[in-house]
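Given only the sequences and the hints, what does the whole structure look like? Please build it.
2 protein chains.
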Amino acid sequence: MARPLRVALGQVNAVVGDIAGNEERIADLIDSAREESAQLVAFPELAITGYPPEDLLLKEHFLADARAAVERLAARAQGIVAVVGFPERAADVYNAAAVLAQGRLAGIYRKQSLPNYGVFDEVRYFQSGTRPAVIEVDGVTVGLTVCEDIWQPGPPMTEETLAGASVVLNLSASPFQAGKALEREQMIAQRAKDSVACVAFCGLVGGQDELVFDGHSVVIDHEGVVIARAPQFAEHLLVATIDPTAARAARLRDTRRRPAARGIEPQVDHLGAFTVLGDEDAPAPGPAGEVADLLDDEAEVYAALVTGLRDYVHKNGFGKVVLGLSGGIDSTLVALVAVDALGADRVTCVIMPSPHSSPGTQADSRALAANLGLRVLELRIEDLMGRYDALLADVFADVDPDITEENLQARIRGNLLMALSNKFGWLVVTTANKSEMSVGYSTLYGDSAGGFAVIKDVPKLLVYRLVEERSRRDPVSPVPDEIVTRPPSAELRADQRDDDSLPPYETLDAILEGYVEDDLGREQLVARGLDADAVDRVIGLVDVAEYKRRQQPPGPRVTSRAFGRDRRMPITNRYGG
Amino acid sequence: MARPLRVALGQVNAVVGDIAGNEERIADLIDSAREESAQLVAFPELAITGYPPEDLLLKEHFLADARAAVERLAARAQGIVAVVGFPERAADVYNAAAVLAQGRLAGIYRKQSLPNYGVFDEVRYFQSGTRPAVIEVDGVTVGLTVCEDIWQPGPPMTEETLAGASVVLNLSASPFQAGKALEREQMIAQRAKDSVACVAFCGLVGGQDELVFDGHSVVIDHEGVVIARAPQFAEHLLVATIDPTAARAARLRDTRRRPAARGIEPQVDHLGAFTVLGDEDAPAPGPAGEVADLLDDEAEVYAALVTGLRDYVHKNGFGKVVLGLSGGIDSTLVALVAVDALGADRVTCVIMPSPHSSPGTQADSRALAANLGLRVLELRIEDLMGRYDALLADVFADVDPDITEENLQARIRGNLLMALSNKFGWLVVTTANKSEMSVGYSTLYGDSAGGFAVIKDVPKLLVYRLVEERSRRDPVSPVPDEIVTRPPSAELRADQRDDDSLPPYETLDAILEGYVEDDLGREQLVARGLDADAVDRVIGLVDVAEYKRRQQPPGPRVTSRAFGRDRRMPITNRYGG
Numbered sequence: 001m002a003r004p005l006r007v008a009l010g011q012v013n014a015v016v017g018d019i020a021g022n023e024e025r026i027a028d029l030i031d032s033a034r035e036e037s038a039q040l041v042a043f044p045e046l047a048i049t050g051y052p053p054e055d056l057l058l059k060e061h062f063l064a065d066a067r068a069a070v071e072r073l074a075a076r077a078q079g080i081v082a083v084v085g086f087p088e089r090a091a092d093v094y095n096a097a098a099v100l101a102q103g104r105l106a107g108i109y110r111k112q113s114l115p116n117y118g119v120f121d122e123v124r125y126f127q128s129g130t131r132p133a134v135i136e137v138d139g140v141t142v143g144l145t146v147c148e149d150i151w152q153p154g155p156p157m158t159e160e161t162l163a164g165a166s167v168v169l170n171l172s173a174s175p176f177q178a179g180k181a182l183e184r185e186q187m188i189a190q191r192a193k194d195s196v197a198c199v200a201f202c203g204l205v206g207g208q209d210e211l212v213f214d215g216h217s218v219v220i221d222h223e224g225v226v227i228a229r230a231p232q233f234a235e236h237l238l239v240a241t242i243d244p245t246a247a248r249a250a251r252l253r254d255t256r257r258r259p260a261a262r263g264i265e266p267q268v269d270h271l272g273a274f275t276v277l278g279d280e281d282a283p284a285p286g287p288a289g290e291v292a293d294l295l296d297d298e299a300e301v302y303a304a305l306v307t308g309l310r311d312y313v314h315k316n317g318f319g320k321v322v323l324g325l326s327g328g329i330d331s332t333l334v335a336l337v338a339v340d341a342l343g344a345d346r347v348t349c350v351i352m353p354s355p356h357s358s359p360g361t362q363a364d365s366r367a368l369a370a371n372l373g374l375r376v377l378e379l380r381i382e383d384l385m386g387r388y389d390a391l392l393a394d395v396f397a398d399v400d401p402d403i404t405e406e407n408l409q410a411r412i413r414g415n416l417l418m419a420l421s422n423k424f425g426w427l428v429v430t431t432a433n434k435s436e437m438s439v440g441y442s443t444l445y446g447d448s449a450g451g452f453a454v455i456k457d458v459p460k461l462l463v464y465r466l467v468e469e470r471s472r473r474d475p476v477s478p479v480p481d482e483i484v485t486r487p488p489s490a491e492l493r494a495d496q497r498d499d500d501s502l503p504p505y506e507t508l509d510a511i512l513e514g515y516v517e518d519d520l521g522r523e524q525l526v527a528r529g530l531d532a533d534a535v536d537r538v539i540g541l542v543d544v545a546e547y548k549r550r551q552q553p554p555g556p557r558v559t560s561r562a563f564g565r566d567r568r569m570p571i572t573n574r575y576g577g
Numbered sequence: 001m002a003r004p005l006r007v008a009l010g011q012v013n014a015v016v017g018d019i020a021g022n023e024e025r026i027a028d029l030i031d032s033a034r035e036e037s038a039q040l041v042a043f044p045e046l047a048i049t050g051y052p053p054e055d056l057l058l059k060e061h062f063l064a065d066a067r068a069a070v071e072r073l074a075a076r077a078q079g080i081v082a083v084v085g086f087p088e089r090a091a092d093v094y095n096a097a098a099v100l101a102q103g104r105l106a107g108i109y110r111k112q113s114l115p116n117y118g119v120f121d122e123v124r125y126f127q128s129g130t131r132p133a134v135i136e137v138d139g140v141t142v143g144l145t146v147c148e149d150i151w152q153p154g155p156p157m158t159e160e161t162l163a164g165a166s167v168v169l170n171l172s173a174s175p176f177q178a179g180k181a182l183e184r185e186q187m188i189a190q191r192a193k194d195s196v197a198c199v200a201f202c203g204l205v206g207g208q209d210e211l212v213f214d215g216h217s218v219v220i221d222h223e224g225v226v227i228a229r230a231p232q233f234a235e236h237l238l239v240a241t242i243d244p245t246a247a248r249a250a251r252l253r254d255t256r257r258r259p260a261a262r263g264i265e266p267q268v269d270h271l272g273a274f275t276v277l278g279d280e281d282a283p284a285p286g287p288a289g290e291v292a293d294l295l296d297d298e299a300e301v302y303a304a305l306v307t308g309l310r311d312y313v314h315k316n317g318f319g320k321v322v323l324g325l326s327g328g329i330d331s332t333l334v335a336l337v338a339v340d341a342l343g344a345d346r347v348t349c350v351i352m353p354s355p356h357s358s359p360g361t362q363a364d365s366r367a368l369a370a371n372l373g374l375r376v377l378e379l380r381i382e383d384l385m386g387r388y389d390a391l392l393a394d395v396f397a398d399v400d401p402d403i404t405e406e407n408l409q410a411r412i413r414g415n416l417l418m419a420l421s422n423k424f425g426w427l428v429v430t431t432a433n434k435s436e437m438s439v440g441y442s443t444l445y446g447d448s449a450g451g452f453a454v455i456k457d458v459p460k461l462l463v464y465r466l467v468e469e470r471s472r473r474d475p476v477s478p479v480p481d482e483i484v485t486r487p488p489s490a491e492l493r494a495d496q497r498d499d500d501s502l503p504p505y506e507t508l509d510a511i512l513e514g515y516v517e518d519d520l521g522r523e524q525l526v527a528r529g530l531d532a533d534a535v536d537r538v539i540g541l542v543d544v545a546e547y548k549r550r551q552q553p554p555g556p557r558v559t560s561r562a563f564g565r566d567r568r569m570p571i572t573n574r575y576g577g
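Chain order of the listed sequences is H and P. Residue numbering for the first sequence follows the numbering used here, starting at 1 and increasing by one per position. Residue numbering for the second sequence follows the numbering used here, starting at 1 and increasing by one per position.
Be careful, since some hints might not be right.
[As the list claims (entries may be wrong)] With the Cβ distance kept under 8 Å, some of the chain P side facing chain H (calculated, not the full set):
| hint | residue |
| --- | --- |
| 1 | D55 |
| 2 | L56 |
| 3 | V119 |
| 4 | V123 |
| 5 | D209 |
| 6 | F396 |
| 7 | I403 |
| 8 | Y445 |
| 9 | V476 |
| 10 | G521 |
| 11 | Y547 |
| 12 | Q551 |
| 13 | I571 |
| 14 | Y575 |
What the hints contain is simulated information worked out from the structure, not anything from laboratory work. Everything numeric in this text was worked out from a predicted model, so none of it was measured. Don't be surprised by glycine CBs; every beta carbon is placed ideally from N, CA and C.
Next comes the structure, spelled out in C-alpha cells:
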C-alpha cells in the first residue's frame, strides 16, 4: 500500500542571469513548501539561471556560478526533497535537473529531448542526456523529465513509468502562445493516461524579452484528470496531494503498463531513495489541491501582454513608460496594457498632433487618457515639419511630396518620445500591431522607435477583440466609442485611410496567418479562397519589409509564429513567396 | 595506372532565394567547365538556393522549387559530371549534394555533420545523413563531403578514402572571418595528408546579410600542397588537373591508409561509375592549375567589407548609397569602402554640421569627398536643434542639458539621411564601428539609422589599419592626414573627445576582444593584465547596450564573434559579466 505524496510546484518568475536572486527565491519556496508539509518540491527548467539564458551558457564562469548556487541550495533541502533546473557543466553542458535531498546534491537528471525549432536553440548549448532517471520519496517512485522530454511520446517518461514511477515530474519553461495552455494540458493528460501515472508539471512564469511564460503548473492524475492547477501569469506555490494507490492498482490490472508484458527491461538511473516523513506522519489521502480556472482566449493574450511589458520594465530597471497616443485603436490597447501592467502613475502619454490629425482623434486621445488617469503631454509637430521641409527644399526642389514627408512626421514624433526617454529615463513603448509590422506599414525610427513593442505579435482584428475584452471589465468603458468605430488611419496625410492601400483587415489578417504563421505559398493561399491579387500584393509587402522588422524592438510573442527569434527569414531574399 | 582527373570548381555568388538565377549561373558554368575539358565540376553547398536560406527551408514549395531546378540542371550534365549542393526534401530535409551525370540525377549524398554553433543553425532545418558516399569518374574514385563534414576529423572523409577515394570533394559555404582562409587551408592540408588523398574544396563567394563568403576554392594534393587556388571574394571557375597516381602509390606503401590494416570494412554508398572521356582523350598529367595569392590580413578584411556592401546593395535592388561624412576616421573608411564597392557615381555624402562641428572636420570631409569624386550635400542642423529645444522647453524647464540634446543632433541627422533615402531610393549606410557598437556609443535612430552597417564588426584600431591599408593603394592618399591624426570625437558638444569617457582604444579594444569574442569574465580579463576599473566599466557598458544592438542594421561579420546571429545575448539579463 503506497502512501500519498504531497508535492509542491514552485512556479517562479526567474530572471535571466540573476543567479543570486533566483537562488534566494527558490530557497524561500523550499521553506514554504516544507511548511505546507510537502515532501517533494519542484522548480522550472533552468530555474537557477532563468530561461533562455542564450549565449550566457557559453561562459564558463556563468556555469560555475550556477553550480555554486545549486550546491548552496542543497543545504536547504532538509526535511524535503527539491528538484531544481540548472545548466550542468560536465564533459559537455546539459540542461539538467538537480535532486537536492538530505542537505546535499544527491543526483542529476539530464534532459534528453532538446528543442531546436521555433524560438528554441537548445542544440546550440546542450548535449542530450541518455538516461531516464527516477527517485524514491517516502516509498513513491518519481520519474524526472525536463520540458520537451514530455512533448515527445515515448522515453524518458515511458521508461521511467515502466520502471515503476507512479508520479512523473516535468520541469518546464514553455513559452506562451494563444491556446497553448489547453493544448499543453491535453497533451499531459494523454501522457498520464498512456503511462497510467500522475504528471506534476511545474511551469516557469514571467516575461523574458520576446517570450512570455504563463506558468500553468498543473497536476494531472493517471486518468487524465486535473487535480491541481496554478493560476496563469503569476508566481505561485501549488501544493497537491497525490495518492499513487489507484495508479498502482490500475497498472497491476493493465499489463501493457508492466515491463514483463512488453518484453523489455527499462534502463533507468536510480538517483536515490529518500525518507522525508516518518510512517506516522504520512499525509492523509483526500482532496488534492486547488484548481485555478484557465483564462479564456482573449483574456489569456491580454494577460500575456501585461506580463511581457511589466517584466520587461521591471527586470530592466525602468520606473516608467511613455507612449504616443494617436486616438487610434492600437495606441489605445497599448495604453490599457501599460496601465494594467504598471499603474496609471507610471505611464505618460504624449499627443503630438500634426495638421493631418483630426479634431476627433485628438479629443479621443485626451478622453482616453483622462479616463485612465494618465499624465498627458501635448507637443505640436507642425513647426518642425515646416523646418525639415525648408532645410530640404533645395534638394527636393524637383520632386513631389510623397511618403518621405509622411515618414518625417513619424520620425519627428519618434525623436520627441526618445528625447523624453533620454531626459527622464522612461521606456518608450511602441504601438504597431502585427498586421502593420508584417506589411511594413510603420515608419522605421518613427512610430517604431522605442524599447518594447507591446503588440507587435497581435494582428489587427485581435487588437479590436482585446480592447473589447478589456473594456468590458469596467462598469463604464474607458475607451471612447469612436476609437473602436472610426476607420483606421495613420493620419499622415489628408483623408488617409488604411484601406486606401491595404486590403480590408479581414482579408489581410487571413492572408498573413497563412503566409507568416503557416508558411503557405501563393497557390495554397489562393486555394484557401483568398483573393489572388491581394495575396500577391501582401506577399510582396511582407517580404520587402524584412529589413524593417530586423530593427524593431522586442515584444511579447502570443501567436504560433512571431517575428524575431521565431520566424528567421533572410533580408536578402529573392524568393518571393 | 589511374588516369588524371580534370576537376573544375564553380565558385559562384549564389543569391539566397534566387533559384532560377542560381540555376542559370550553374548551367553556364557546367558548360564552361566542359569547354575547359573538365570531367567533373563541383558547386558550393546549397548553391541552388544560396546560403543560408534560413526559414525559407520550412516552406514545402521552396524545397519543391529547388528540387525542380536540380532536375532541370541534370539534363545539362552531358559529357561531364556535376555535383551541386541543394536542400533535399525526403522523409526529412537534408543538406545534400546532387550528383548529375549522363543527363540525370544519378545520386545524392547527405551532409553528416550539421553545424549549430556561431552563425549556424543547421539542426533547425536538417537531418544528418548517415552514409559516406563515393562516385567513380573515368576510373577515379571521388569521395563526397559537404562543408562541416571536413571540419571534423574522421568520417565521412576517412571512410570514403579507406573505401578507395583518392580525391575528396568538399562543397562549402564557409563564412569569412579574419585569418580564416589560412586556417581553412591548413586544416584541409592536414585532412589530405591524414588520408593521403587530394581535396578539392569549392567555396561559396559573396555577401548575404551579415555573412560574407570569401570563395577561396582550393585544390590540395595528398601531400598537403596547394596545387590550385581561386582568387578570394570573386566569382571564378577554378580548373585543376589531379593526378591520383602518386596518392594511390603512397597508400599502397602506407598501410595505415588501407582498411585491411585498420581491421575495418568501410561503409560507403557507391553512387555510380561514370565514363566521361574515352581512353584516348584522357587529360595529360602536368601543371595542375592556377594558384592565386591569398590576401594579407588587412586586405582580406577590406575586401570582405567591399563584398558585403556591394552584394547587399545589388542583391536588394538598390542603385546608390548615401552616408553622413563627419570628418572622422569611421565615416572615412565607410566612404572608401563604398567607392570601391559601387563606384564614386553611386555614393552621395552628406555633411551636416552643428555648432559643435569644428572647421577642421568640415574641411576634411569636403576634401575627402573631393578627392574621391563624390557628390556632396550640406545640410546645417542648427536651426532644427533650436526648434526641438524650443518645443521641449516647457517639459525640460527644470532639468539641465545632457545626453538628450546630443542624441537629438544625431537623430536630426538620421532623419535627414532617411528623408534622402525615402525620396531618392538610396540606401543609407551607417558608420559606427564595433568598439562603439560594443559600448553603446552611438545614438539609436541617429547615427545608427540606416540599412547597412558597413563596419559594425570592425574594432576601432582595425578601422585605422584599414584606412592606412587602403590609403597606400593610391599614389597620393585620398585621406587628409588630419582625419587619421585628430583625436576621435563625436562632436556632439563642445570640446568632446572619446577618451573623456572611454578608456584609450588600445585598452578598450583589448577588453572587448576578451569579453565579446572570447567570453572571458572579469577575473580572467584582469588576469590578462587589463585595468580592473576599465574592465568593470566596459563590461557594464557592453551589457546595457544589448537593446541598442538588437535594433542595428546588419553588417558584414569579419571577426570570430560578431553581434547579431553570432553572439546571441538576452537583453533582459542581470548577470553582468
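Tested hints:
{"no.": "1", "hint": "D55", "in the structure": "5 Å, holds"}
{"no.": "2", "hint": "L56", "in the structure": "6 Å, holds"}
{"no.": "3", "hint": "V119", "in the structure": "11 Å, violated"}
{"no.": "4", "hint": "V123", "in the structure": "5 Å, holds"}
{"no.": "5", "hint": "D209", "in the structure": "5 Å, holds"}
{"no.": "6", "hint": "F396", "in the structure": "6 Å, holds"}
{"no.": "7", "hint": "I403", "in the structure": "6 Å, holds"}
{"no.": "8", "hint": "Y445", "in the structure": "4 Å, holds"}
{"no.": "9", "hint": "V476", "in the structure": "31 Å, violated"}
{"no.": "10", "hint": "G521", "in the structure": "4 Å, holds"}
{"no.": "11", "hint": "Y547", "in the structure": "6 Å, holds"}
{"no.": "12", "hint": "Q551", "in the structure": "5 Å, holds"}
{"no.": "13", "hint": "I571", "in the structure": "5 Å, holds"}
{"no.": "14", "hint": "Y575", "in the structure": "3 Å, holds"}
Violated hints, in rising order: 3, 9; the structure is consistent with all others.
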